[in-house]
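Protein chains: 2
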Amino acid sequence: MIFNNLKNKNIILASKSPRRKQLLEELGLTFEVKVKSGIDETWNKELKPEQVAGYLAEHKAKQYEHEITENQILITADTIVCKDNDILNKPADYDDAVRMLDLLSDGKHLVITGVCIKSLDRSVSFSCTTEVYFKHLCEEEIDYYIENYKPYDKAGSYGIQEWIGYIGIDKIVGSFYNVMGLPVQKIYEELKKF
Amino acid sequence: MIFNNLKNKNIILASKSPRRKQLLEELGLTFEVKVKSGIDETWNKELKPEQVAGYLAEHKAKQYEHEITENQILITADTIVCKDNDILNKPADYDDAVRMLDLLSDGKHLVITGVCIKSLDRSVSFSCTTEVYFKHLCEEEIDYYIENYKPYDKAGSYGIQEWIGYIGIDKIVGSFYNVMGLPVQKIYEELKKF
Numbered sequence: 001m002i003f004n005n006l007k008n009k010n011i012i013l014a015s016k017s018p019r020r021k022q023l024l025e026e027l028g029l030t031f032e033v034k035v036k037s038g039i040d041e042t043w044n045k046e047l048k049p050e051q052v053a054g055y056l057a058e059h060k061a062k063q064y065e066h067e068i069t070e071n072q073i074l075i076t077a078d079t080i081v082c083k084d085n086d087i088l089n090k091p092a093d094y095d096d097a098v099r100m101l102d103l104l105s106d107g108k109h110l111v112i113t114g115v116c117i118k119s120l121d122r123s124v125s126f127s128c129t130t131e132v133y134f135k136h137l138c139e140e141e142i143d144y145y146i147e148n149y150k151p152y153d154k155a156g157s158y159g160i161q162e163w164i165g166y167i168g169i170d171k172i173v174g175s176f177y178n179v180m181g182l183p184v185q186k187i188y189e190e191l192k193k194f
Numbered sequence: 195m196i197f198n199n200l201k202n203k204n205i206i207l208a209s210k211s212p213r214r215k216q217l218l219e220e221l222g223l224t225f226e227v228k229v230k231s232g233i234d235e236t237w238n239k240e241l242k243p244e245q246v247a248g249y250l251a252e253h254k255a256k257q258y259e260h261e262i263t264e265n266q267i268l269i270t271a272d273t274i275v276c277k278d279n280d281i282l283n284k285p286a287d288y289d290d291a292v293r294m295l296d297l298l299s300d301g302k303h304l305v306i307t308g309v310c311i312k313s314l315d316r317s318v319s320f321s322c323t324t325e326v327y328f329k330h331l332c333e334e335e336i337d338y339y340i341e342n343y344k345p346y347d348k349a350g351s352y353g354i355q356e357w358i359g360y361i362g363i364d365k366i367v368g369s370f371y372n373v374m375g376l377p378v379q380k381i382y383e384e385l386k387k388f
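Protein sequences appear in the order of chains S and D.
If you read the first sequence in the numbering used here, its first letter stands for residue 1, the second for the next number, and so on.
If you read the second sequence in the numbering used here, its first letter stands for residue 195, the second for the next number, and so on.
There could be a bad hint or two in this list.
Calculated pairs, EDC-like style, for lysine to aspartate or glutamate (alpha carbon to alpha carbon, straight line, at most 16 angstroms) [said to hold, decoys possible]:
| hint | chain 1 | residue 1 | chain 2 | residue 2 |
| --- | --- | --- | --- | --- |
| 1 | S | Lys171 | D | Glu383 |
| 2 | S | Lys36 | S | Glu67 |
| 3 | S | Lys135 | D | Glu384 |
| 4 | S | Lys90 | S | Glu41 |
| 5 | D | Lys256 | D | Asp234 |
| 6 | S | Lys16 | S | Asp153 |
| 7 | D | Lys329 | S | Glu190 |
| 8 | S | Lys16 | S | Glu41 |
| 9 | S | Lys171 | D | Glu325 |
| 10 | D | Lys386 | S | Glu140 |
| 11 | D | Lys329 | S | Glu189 |
| 12 | D | Lys365 | S | Glu131 |
| 13 | D | Lys365 | S | Glu189 |
Listing some non-contacts, in silico: residues in chain D with all C-beta distances to chain S over 10 angstroms [said to hold, decoys possible]:
| hint | residue |
| --- | --- |
| 14 | Asn199 |
| 15 | Thr224 |
| 16 | Gln266 |
| 17 | Asp287 |
Note that these hints are calculated values from the structure, not bench results.
Just so we're clear, the structure is a prediction, and the values are computed from it rather than from any experiment.
No residue lacks a Cβ here, since even glycine has one placed at the ideal position from N, Cα and C.
Only chain S is shown next, with the shape it has when bound in the complex (with noise of 0.2 angstroms):
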C-alpha cells in the first residue's frame, strides 16, 4: 500500500546480519537476502572516520554491480563503531573484547552505519550518524555481559537491543535503529524515490 512503487520491484538485502533483516522486515518490505562472503573489508587509511562506513557499503554494493537484473533494488550496508577517532571493529577475544567495553565506558562514542542502494539506473549512498552514551561500566557488568552474550560479531564489542544496552545507556542522540544496523527511517524515505 504504502510502498505503491515498489509493488513490482525485487529488493535484495545483501547482508548476512540478522539483525538488518529483522529491521527491513519491520518496514513491511518483502525482500529476499543474499550475501557474496570474502569480500574485503579493509579501507585506506587516509579516510576520515566518517567516510569509512559510506564507502565499505558502497565497495559491498560494487560486488554485486554486474548481477543486478531489471526490477532489482541492492541494498548493502556498513556499521562502525568510532571513539575518539579510532574505529573499534569486531573483537578478536575476550580481552578485546573487555578492552573495547573499557574504552566506551563512561562517556560518548559514535555508531556510523553507511548505506548504499542501487538499481539498474540509481544508486544512493549515505551515512548516518547516532550519538551513544555509555554510564560507567564496572568490570562485573562487563565480565557479565560478554559471558552471557557473546559479542564476538559485533562491532564494538556490544548490541545496544541486549542486556548492556539496557543497564549501559542512558541517552542516544538519532537513531536507536541505526545503532542496530540499518537506518531505517531514511532508507524508507530513500526507497519512496525508487
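Start from chain S and add chain D according to the hints.
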C-alpha cells in the same frame, strides 16, 4: 550476580503494560506483576507538564503503600506525551488518533516517564524525558498505521517500537526505552541502591 543486594527482595511491577513487563525482564530481574484497577489518573491542572508523570507514578505507588511488606520493592510508572506544553492522552477513537498523529508529524515532542520505586524504608521517584522527532507523516501513512496497529492503548497514539516508529522517527535525544515506557537504565541504577 549483578543484583546481589536484591537477592532476597520481591520486586513488584504495578503496571498492566506488557511493554513495561518486557523491558523490566530485559534487566534480568525476577519480579511479579500486580495491578489495581480504578486508580484515579487525573491531576491538578496547575502542575507543569514535566511534573505530571512523576506525580502520577507517586500517586499510583500510594495506592499500594499499606500493602508493602518486608523485602518487597514496588515499581510504578506513568508515561505522558507532551507537544508544545499540551499533554496527549490515549486517543478516544479513530479520529482522535488521526488528530494526535497529525499534531506530532513534522516536529519534536517530549515523552516523559515518571517512576516511583518504594520499599518499607525507602522511596525514590524521578522523571526521565526523551525528545522524539517525527518526520512528516502523510495521510496515507497515518491511516495505514492506525488501521493496522490500533494504537488506542498508547499515549500520543503511537508506539516507537511499531511500524510508525521505523518509518517516521529519525532522531531521538535521550533513552529509547523511556519512550517505550520505562527508563530502564535509571531504574537499574536505583535498584542497585535498594
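Here is what the structure says about each hint:
Distance hint between Lys171(S) and Glu383(D) is fulfilled; the C-alpha atoms sit about 14 angstroms from each other, no more than 16 angstroms. A hinted pair counts as satisfied when its Cα atoms are at most 16 angstroms apart, and Lys36(S) with Glu67(S) qualifies at roughly 12 angstroms. Only pairs whose Cα atoms come within 16 angstroms are accepted, and Lys135(S) paired with Glu384(D) is accepted, the gap being roughly 13 angstroms. This hinted pair checks out: Lys90(S) and Glu41(S) have alpha carbons roughly 12 angstroms apart, not beyond 16 angstroms.
A C-alpha spacing of about 11 angstroms is found between Lys256(D) and Asp234(D), which places the hinted pair at or below 16 angstroms, so the restraint holds. Between the alpha carbons of Lys16(S) and Asp153(S) the distance comes to roughly 11 angstroms, so the proposed pair stays at or under 16 angstroms and holds. Taking the CA atoms of Lys329(D) and Glu190(S), the gap is near 13 angstroms; set against the 16 angstroms cutoff, the hint holds. For the suggested pair Lys16(S) and Glu41(S), the alpha carbons sit about 14 angstroms apart, so the restraint of at most 16 angstroms is met.
As the CA atoms of Lys171(S) and Glu325(D) are separated by approximately 11 angstroms, the hinted pair is consistent with the 16 angstroms bound. At roughly 13 angstroms between alpha-carbon atoms, Lys386(D) and Glu140(S) fall within 16 angstroms of each other, so this suggested pair holds. Of the supplied pair hints, the one linking Lys329(D) and Glu189(S) holds, its CA atoms being roughly 10 angstroms apart against a limit of 16 angstroms. Simply put, Lys365(D) and Glu131(S) have alpha-carbon atoms about 11 angstroms apart, close enough for the 16 angstroms limit, and the pair holds.
For the suggested pair Lys365(D) and Glu189(S), the alpha carbons sit about 14 angstroms apart, so the restraint of at most 16 angstroms is met. Every Cβ of chain S is farther than 10 angstroms from the Cβ of Asn199(D); the closest lies at roughly 13 angstroms, confirming the non-interface assignment. At roughly 15 angstroms, the least C-beta separation between Thr224(D) and chain S is larger than 10 angstroms, which holds for a residue marked as non-interface. Taking the minimum C-beta to C-beta distance to chain S, about 22 angstroms, the non-interface status of Gln266(D) holds against the 10 angstroms cut.
The non-interface label for Asp287(D) is consistent with chain S: the shortest C-beta to C-beta separation is roughly 22 angstroms, beyond 10 angstroms.
In the structure shown, no violation is registered for any of the earlier numbered hints.
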